[in-house]
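One letter stands for each residue in the lines below.
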Amino acid sequence: MHLYQVIVVAISSVMLYLGIKEFVNRETGQTLLKLAVRLVVWGGMGLVAIYPDFTLILARIMGVVDNFNAVVLMGFLLVFLLIFKLLSAIEKVEQNISELTRKEALNEAHKRIEELRQEIKAKKKERETS
Amino acid sequence: MNTVIVIPVYNEAKVIGEVIEGVRAQGFEHVVVVDDGSRDDSFVVASAHDALTLRLKINRGKGAAVKTGIMAANLLDADVVVTMDGDGQHDPADIRPLITPILAGRSDVVLGSRLLKREAMPFKKVIANRIGNVLTWLFYGLLVSDSQSGFRAYSRYAALIIDTKADKYEYDSKVIREIKNNRLRFTEVPVHTRYTEYASTKKTKQGLINGLITLYRMIWKLIA
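Those protein sequences? They're chains X and F, same order as listed.
Here the first sequence is numbered in the working numbering, starting from 1 and rising by one per residue.
Here the second sequence is numbered in the working numbering, starting from 1001 and rising by one per residue.
Next comes chain X alone, as it looks inside the complex:
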């Protein structure tokens, strides 16, 4: 077994484990479709790493004449992982910015919200008593 196979299998296993765990725990947004996509993407990578000859079957089906070699596969995987990591980080930062902006907006309007809340409460009480 080559080193790249161990790395790919390890990464795929972790991603598959996380996907299955999130689905089993019924975490928000974990649908059967999402699990299926994860199984295909990461499972496919793992499968190709363990059985490199599988690409020959794929190559035959897809009409590609030559086999994918390990370097190309590793290159693609590396780029894919880098993009994956970068986009995840950007998304996390975006979410944090939104959360901060939201908190700031609500804090700034806190006084007005409290006034309105008291006003609504008073009106409700008035309606109930009358």
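Derived by calculation from the structure, the hints in this document are not laboratory data.
Be a bit skeptical, because a hint or two may be false.
Said to hold, decoys possible - Below 20 angstroms or equal to it, Euclidean Cα-Cα: the simulated PhoX-like pairs (lysine-lysine) are:
| # | chain 1 | residue 1 | chain 2 | residue 2 |
| --- | --- | --- | --- | --- |
| 1 | F | LYS1057 | F | LYS1168 |
| 2 | X | LYS85 | F | LYS1165 |
| 3 | X | LYS92 | F | LYS1057 |
What the hints assert, rightly or not - Distance ranges between label pairs, derived from CB positions:
| # | chain 1 | residue 1 | chain 2 | residue 2 | range |
| --- | --- | --- | --- | --- | --- |
| 4 | F | TYR1198 | X | LEU58 | 48 to 56 angstroms |
| 5 | F | ARG1096 | X | LEU106 | 23 to 31 angstroms |
| 6 | F | ARG1130 | X | GLN95 | 29 to 37 angstroms |
| 7 | F | ASP1163 | X | VAL9 | 41 to 49 angstroms |
| 8 | X | GLU119 | F | TYR1198 | 26 to 34 angstroms |
| 9 | X | PHE80 | F | ARG1096 | 28 to 36 angstroms |
| 10 | X | ILE20 | F | SER1145 | 32 to 40 angstroms |
| 11 | F | THR1100 | X | ILE83 | 41 to 49 angstroms |
Beta carbons are placed, not taken as given, at the ideal position from N, Cα and C, and that holds for glycine.
With the hints as your guide, set chain F onto chain X.
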């Protein structure tokens, strides 16, 4: 019942005042306007019309603005929360039919649908909406007639339980997912759409490019 109307705005200074007055004319006093980092006077105009106006200092997208407005409505102990666009394309006269199923205790979420009564909807928009509906169904498992409509009503329970991190236009589809995941009772009510010159010529409306970005975000969330 305390009904709070949430209106997200981005550069709508020209029409937001009219929209707020239209809502008030229907008997809804409490209006929350969320200014999503506008570069014009939207914030000033909305404040001048005595709406509770929140300002997101950076433009964060429609989803982020709507979520902020719903949080403010929850702080105001709203029994029903209605969300509608700030460009005047939604008719405030539709608010009452929209909240009726919630007041009657029949639904947790009511989706305003522009396609149940199509009227003057441009053909291009009809096709785009149908594609949006099919994609929403494929990704989130619930088929509705107008998955991209921002004109919606939520019960207090739904407004508290619906939670999504979507900041941009995919927010509307994510709410559909939340309805399915939380097994909320929902219904669709036909709403009128006013395709004014202002609303249809606005640059920031969801076009082909934004639609593709939304699709990309939905696919990304599937594998990430």
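How the hints compare with the structure:
Distance check on the hinted pair: LYS1057/F and LYS1168/F sit about 16 angstroms apart at the alpha-carbon level, within 20 angstroms; holds. A C-alpha spacing of about 18 angstroms is found between LYS85/X and LYS1165/F, which places the hinted pair at or below 20 angstroms, so the restraint holds. For the proposed pair LYS92/X and LYS1057/F, the alpha carbon gap of about 19 angstroms is at most 20 angstroms, so the pair holds. Distance hint for TYR1198/F and LEU58/X: a CB-CB separation of about 53 angstroms, consistent with the stated range 48 to 56 angstroms.
Take ARG1096/F and LEU106/X: their Cβ atoms lie about 28 angstroms apart, and the range 23 to 31 angstroms holds. Hint check: ARG1130/F to GLN95/X, Cβ distance near 30 angstroms, so the stated range 29 to 37 angstroms holds. Evaluation of the 41 to 49 angstroms hint for ASP1163/F and VAL9/X yields a failure: the beta carbon distance comes to about 35 angstroms. The beta-carbon spacing between GLU119/X and TYR1198/F, approximately 33 angstroms, falls within the hinted interval of 26 to 34 angstroms.
For PHE80/X paired with ARG1096/F, a C-beta distance near 52 angstroms fails the hint of 28 to 36 angstroms. Judged by the Cβ atoms, the range 32 to 40 angstroms given for ILE20/X and SER1145/F holds: they are separated by roughly 34 angstroms. Checked against the hint of 41 to 49 angstroms, the C-beta distance between THR1100/F and ILE83/X comes to roughly 48 angstroms, which is consistent with it.
Going down the numbered hints, you'll see the structure goes against 7, 9, while the others check out.
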